[in-house]
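For reference, the chains in residue letters:
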Amino acid sequence: MHKIVSTIFLAENIKKIEIEAPRIAKKRKAGQFIMLRVGQTGERVPLTIADADPENGTITVIVQGMGKSTKELNTKEAGDTISDIVGPLGAPSHIENFGTAVSIGGGVGTAIAYPTAVALKKAGNYVITINGARSKELVILEKEMKAVSDEAFITTDDGSYGFHGFVTQKLQELIDSGTKIDFVLAIGPIPMMRAIAEVTRPYNIKTMVSLNPIMVDGTGMCGGCRVTVNNETKFACVDGPEFDAHQVDFKTLTDRNKLYLPEEKQSTDAFAHKCNLQ
Amino acid sequence: MCPQQLTTKERFAIPRQEMPAQNPEVRNKNFKEVNLGYTQELAQKEALRCIQCKDPSCIKGCPVNIKIDQFIKYIADGDFLGAARKIKEDNVLPAICGRVCPQEDQCEKACILTKKYTSVAIGNLERFAADYERETGNVELPAVQAPTGKKVAVIGSGPAGLSCANDLIQLGHSVTVFEALHELGGVLVYGIPEFRLPKEIVKQEIEGLKQLGVKFITNVLAGRTVTVDELLKEEDFDAVFIGVGAGLPWFLGIPGENLLGVYSANEFLTRVNLMKSYQFPNNDTPVFNCKGKNVAVFGGGNTAMDAVRTAKRLGAEHAYIVYRRSETEMPARLEEVHHAKEEGIEFLMLMNPLEFVGDEQQWLTGAKCLRMELGEPDDSGRRRPVPIKDSEFILPIDMAVISIGNGSNPLIKQTTPDIEVSKRDTIVVDLNTMATSKEDVYAGGDIVTGGATVILAMGAGRTAAKAIHEKLLGIINT
Ligand SMILES: Cc1cc2nc3c(=O)[nH]c(=O)nc-3n(C[C@H](O)[C@H](O)[C@H](O)COP(=O)(O)OP(=O)(O)OC[C@H]3O[C@@H](n4cnc5c(N)ncnc54)[C@H](O)[C@@H]3O)c2cc1C
Ligand SMILES: Cc1cc2nc3c(=O)[nH]c(=O)nc-3n(C[C@H](O)[C@H](O)[C@H](O)COP(=O)(O)OP(=O)(O)OC[C@H]3O[C@@H](n4cnc5c(N)ncnc54)[C@H](O)[C@@H]3O)c2cc1C
Ligand code: SF4
Ligand code: SF4
Ligand code: FES
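Residue numbers (numbering that gives the first Met the number 0), protein chains in the order written: chain C, 0 to 277; chain Y, 0 to 477.
These are calculated hints, taken from the structure and not from any lab test.
Any given hint might turn out to be false.
[What the hints assert, rightly or not] Taking lysine-lysine and the BS3-like style, the derived pairs with C-alpha atoms no more than 30 Å apart in a straight line are: (1) C:Lys257 with Y:Lys292; (2) C:Lys28 with Y:Lys232; (3) Y:Lys66 with Y:Lys292; (4) Y:Lys31 with Y:Lys367; (5) C:Lys25 with Y:Lys31; (6) Y:Lys367 with C:Lys257; (7) Y:Lys31 with Y:Lys340; (8) Y:Lys66 with C:Lys2.
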């Protein structure tokens with residue numbers, strides 16, 4: 000059992016949750032994730048470790064309520080408990096001083112990119128961050144991102160805040176204006192990561208993406224998280240989750256993530272129904 | 000019937016007592032245990048078939064050398080608890096082994112009766128004695144020796160880890176088991192289904208270990224949460240036993256393997272057994288809805304049988320085993336093959352998948368297969384299957400489960416480079432002690448042998464425990 004220490008909504012439906020997990024807090028590195036089960040009948044849900052406090056033995060996750068499991072998690076408050084947490088899982092991000100590094104986050108991907116942006120800054124990179132959201136209310140971690148960036152940009156799809164447009168357009172603008180970019184990390188919805196890969200490909204800019212296939216164990220035992228990278232089968236939970244964007248087969252990933260759409264809808268609807276009754 | 004009065008001839012005349020089982024048409028729709036277990040009468044009758052050989056060959060066939068003749072005599076005499084205790088001198092998990100050992104390749108194959116008649120049903124009797132002891136509430140905790148002050152870490156809670164922990168705690172050492180998953184038992188809980196091995200039995204065995212003082216910590220992935228070196232140096236363990244099992248399922252490497260509906264057996268069985276997705280939506284984890292669908296499992300081992308029988312129970316219309324050799328070459332336990340057939344599983348032998356095909360939305364619709372025939376024997380002595388020309392056809396299926404074995408999980412290797420591994424990434428050990436190339440680190444079970452059996456993993460755990468004990472005692476004595 001793991002106690003929740005504090006929670007706060009960062010935007011509608013996106014909650015920051017700090018949980019006791021001393022072993023994980025001590026060991027985690029940027030780019031790694033945990034799997035948690037909210038309760039005894041719960042799924043194992045993969046979530047990136049957004050931050051950790053080794054002294055107090057806590058980790059922080061930032062969760063977007065997508066379906067039953069994440070919505071249920073987001074109903075939890077300080078003092079509540081989580082049944083199981085295992086981690087840190089996955090290979091840590093490869094961090095070095097690339098020169099100029101651009102960290103791009105879309106939606107809740109901003110939270111996933113945050114720890115790696117911190118590590119890139121620490122390693123001596125000139126860090127540019129571009130964080131996109133649909134509209135102003137959905138922008139998260141603005142202050143935190145600014146603090147680790149040499150240049151920080153916000154984009155919104157509807158133009159209600161920052162740059163009006165997509166993160167890809169902002170990146171293209173930077174490239175066009177002559178900024179020499181050595182490394183790009185892009186984390187967000189699959190279509191966004193796929194589009195970023197196409198922006199950087201012609202310039203041969205090393206680009207990493209963090210993939211989010213459906214997982215079960217997260218320990219390399221089931222093979223459910225397999226992704227195709229450079230025409231080879233890789234297990235995202237042990238070989239990843241970060242891979243070279245120019246080699247990822249995004250189409251297969253997109254298709255495979257549709258596997259349980261009817262079941263996801265069934266449990267999400269049932270959960271919403273239960274919440275309404277209460 | 001007094002056993003002493005029976006002549007050998009009379010013993011030979013008793014037929015092998017059949018294991019009572021649930022009706023196939025009923026059980027292929029539920030997850031309850033298939034075999035119901037011998038009654039006392041059946042067990043005693045079966046026990047009388049044993050002629051109490053002077054030099055029992057059956058014992059040599061058992062990897063842990065259970066005193067088979069002796070425990071069977073106890074059963075014949077009606078002292079069932081005595082039988083259970085005799086078995087436990089050599090095997091700490093008899094209720095489990097009696098159910099899942101490939102007896103026909105081990106103890107029963109070596110039984111003297113096998114040549115002329117049918118072997119004594121050693122596995123069924125072992126199961127009977129263990130169940131009797133448990134169900135009558137007569138399991139006695141073994142004595143634990145005085146504390147030695149030494150600490151041992153066991154990584155992985157499968158049969159290898161559990162048996163190692165069991166022996167070490169009795170010898171007075173402090174034992175902590177670290178398990179990556181949220182439940183204890185390894186393949187016994189996430190792989191082998193409830194209908195073959197009720198989870199309650201595994202739970203009770205583990206409960207017994209807890210009562211002896213073994214500490215269990217779930218949700219610790221060694222290599223990530225804590226490394227072997229950290230266990231030794233920072234957490235002050237005096238020795239580490241690695242029993243992490245196999246990992247990384249193999250795929251066929253043919254086109255279409257990422258279509259929706261293609262699973263590894265590990266994923267399918269983990270979703271159903273560990274995550275209980277057969278109770279979806281009461282449990283949150285979903286699994287492919289097999290109801291009314293056609294499912295093919297590719298492979299011929301125990302895992303394949305478990306997967307195909309699970310699919311049938313989830314409502315599959317047709318559930319096939321597709322295997323590239325013939326039935327005689329299938330490595331699965333005979334009983335599982337027999338049970339599968341009774342349950343309506345269709346066996347497609349000498350058939351090799353070439354490609355999976357799907358629809359526009361990427362859902363699996365079929366497997367292109369090639370028919371084979373048996374050619375000359377290969378290195379393993381098995382006749383090699385060779386393709387029949389122009390025999391390709393498409394088997395219409397909605398779900399495929401690939402069950403062709405596992406490689407080794409590379410986590411320990413990556414994070415503890417001074418442990419020597421083979422080309423296949425299995426850990427290299429001295430088979431007499433299970434010691435690895437790294438000081439104070441031992442390993443056993445599937446991570447050493449590759450996918451093998453419960454009893455071999457258990458035996459390895461015990462060998463390691465003995466060696467660890469001797470090593471630690473040596474330290475104490477100096
Ligand atoms: C390595 C990794 C790190 C992640 N980190 C975070 C994080 O820090 N914060 C966060 O909010 N989410 C993160 N995710 C995604 C998160 O795990 C999923 O949103 C969650 O499992 C959905 O479960 P659910 O029951 O709430 O929704 P479901 O009912 O299962 O799904 C609802 C919707 O989400 C989509 N979905 C399902 N599974 C995934 C998935 N694995 N990834 C993306 N979308 C999915 C479905 O297609 C569906 O449309 C991460 C995923 C991975 C693999
Ligand atoms: C479906 C199926 C059916 C089978 N049927 C039979 C049968 O009928 N008869 C038979 O004799 N054998 C059978 N086997 C084989 C048998 O189950 C295995 O040989 C045996 O379980 C191996 O035991 P083990 O202790 O080495 O590993 P496992 O049982 O695999 O246990 C290893 C444990 O270690 C954990 N672990 C892995 N990595 C780490 C880590 N880094 N840190 C912490 N923990 C970790 C795993 O989660 C797991 O719980 C079957 C196997 C399968 C998959
Ligand atoms: S442990 Fe297995 S091989 Fe040994 S006697 Fe029992 S069933 Fe036979
Ligand atoms: S070999 Fe067969 S008959 Fe002889 S002791 Fe063993 S079980 Fe009994
Ligand atoms: S989630 Fe099972 S192998 Fe990656």
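Hints, one by one, checked against the model:
no. : hint                   : result
1   : C:Lys257 with Y:Lys292 : 19 Å, holds
2   : C:Lys28 with Y:Lys232  : 21 Å, holds
3   : Y:Lys66 with Y:Lys292  : 47 Å, violated
4   : Y:Lys31 with Y:Lys367  : 35 Å, violated
5   : C:Lys25 with Y:Lys31   : 43 Å, violated
6   : Y:Lys367 with C:Lys257 : 24 Å, holds
7   : Y:Lys31 with Y:Lys340  : 18 Å, holds
8   : Y:Lys66 with C:Lys2    : 50 Å, violated
Violated hints, listed in ascending order, are 3, 4, 5 and 8; each of the other numbered hints is respected by the structure.
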